[in-house]
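There are 2 protein chains.
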Amino acid sequence: MKKIDAGVKNFMCPMPTTLVGANVSGKPNYITIAHVGILHSITVSVSMHKGHYTNAGVKENGTFSVNLPSAKMGKVTDYCGMVSGKEIDKAALFTNFYGKLKTAPMIEECPANMQWRLLQTVDLPTHEIFIGEIVATYCDEELLTQGKNVNLSKLDPILFSMSGARYFRLGEEFARAWQVGRELITKKVKFLSAPPLAQD
Amino acid sequence: MKKIDAGVKNFMCPMPTTLVGANVSGKPNYITIAHVGILHSITVSVSMHKGHYTNAGVKENGTFSVNLPSAKMGKVTDYCGMVSGKEIDKAALFTNFYGKLKTAPMIEECPANMQWRLLQTVDLPTHEIFIGEIVATYCDEELLTQGKNVNLSKLDPILFSMSGARYFRLGEEFARAWQVGRELITKKVKFLSAPPLAQD
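Protein chains in written order, with our numbering: chain A, 1 to 200; chain B, 1 to 200.
Among the clues, some could well be false.
[Stated by the list, open to error] Listing some non-contacts, in silico: residues in chain A with all C-beta distances to chain B over 12 Å: (1) S25; (2) G26; (3) Y53; (4) A56; (5) K59; (6) E60; (7) N61; (8) G62; (9) K102; (10) T103; (11) L118.
[Stated by the list, open to error] Okay, the calculated bits of chain A under chain B, using three or more residues with CB under 8 Å as the criterion: (12) 65-75; (13) 123-135.
It should be emphasised that the hints constitute simulated quantities derived from the structure, not laboratory data.
Even for Gly, the Cβ is constructed at its ideal location relative to N, Cα and C.
Required output: the full structure, derived from the provided sequences and hints.
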């Protein structure tokens with residue numbers, strides 16, 4: 001294996017592609033955003049260029065939605081990232097609905113939907129980072145497993161790689177977290193004296 | 001389609017599973033973190049519980065690394081999220097290397113590696129959010145396409161779903177961003193008067 005110095009590149013990917021919704025001047029609008037993050041539990045970040053139409057709505061109401069489109073919605077999702085709500089009524093593309101929050105519009109055609117209360121806005125030179133806390137979560141009936149988890153394979157999310165600007169689908173589930181590595185815990189002494197072991 | 005009120009749940013997933021590295025008291029340590037985010041271009045967030053051993057190293061040096069393991073490293077990656085550097089020398093599991101930054105250790109067995117300069121630490125009650133800017137990026141030679149992008153399929157990343165605590169692999173690439181939706185731009189008038197159209 002030979003490492004290449006790739007310069008200064010963000011290879012942290014893929015990220016989930018979302019449609020962020022907000023009422024702007026009382027009317028629903030959506031924008032495609034994959035620059036998202038989990039900060040902690042039910043607290044997330046959504047990063048939006050200041051030039052976007054939707055930002056004003058997030059700040060005006062202190063609420064926004066995050067909708068997860070399926071791969072079959074790839075074309076319309078990509079489109080919503082290329083045209084502005086200043087010129088196009090993107091809400092007309094979808095069936096809109098509201099939940100607990102009456103100012104954070106959601107997209108019925110997206111299998112999973114969340115409404116967020118804006119906690120804080122981080123003001124960067126070109127972007128605003130909206131930090132929000134979930135208020136309510138909705139999803140298609142067949143998506144919920146054990147009454148609490150989302151069946152990601154059924155959701156079939158759009159995964160975005162900033163490097164190369166590509167959309168990927170989700171692959172197969174291959175392990176359970178906080179479980180698959182458990183058997184190694186008993187081997188810790190061996191590990192401490194063993195040669196480098198990255199693959200098991 | 002019927003929407004279910006799922007309560008207050010974070011369905012924003014999957015996220016890339018990373019191994020975050022830092023020198024702690026001069027020795028490399030790694031911890032598994034999937035609560036990450038892209039804030040803007042080469043600025044990212046990494047969220048770590050205050051109880052973790054690695055946090056001190058990030059703050060001590062003002063640097064950290066983000067390493068992207070492959071799915072075949074699932075077991076050891078999961079393990080690194082379950083045991084503490086206070087007790088286990090996790091660096092002994094891997095071949096360690098340094099790049100431009102001499103205090104942000106990286107894992108040679110991970111196909112892609114980044115070194116970050118700490119810009120800001122957001123202090124939450126239980127977590128610290130480390131906001132960093134990329135200083136240098138490294139990857140396996142065969143991973144780089146067109147001399148600048150990462151071949152994500154070859155990287156074969158570990159995708160984490162907090163909902164259900166599952167690891168997934170990446171699926172196939174199905175479209176190019178800022179391109180697949182382009183053809184809809186010419187149809188905007190039709191859209192404005194058309195019934196809801198979420199699938200194309």
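Hint by hint, which ones does the structure fall short of? Checked against the structure, no hint fails, so every one of them is satisfied.
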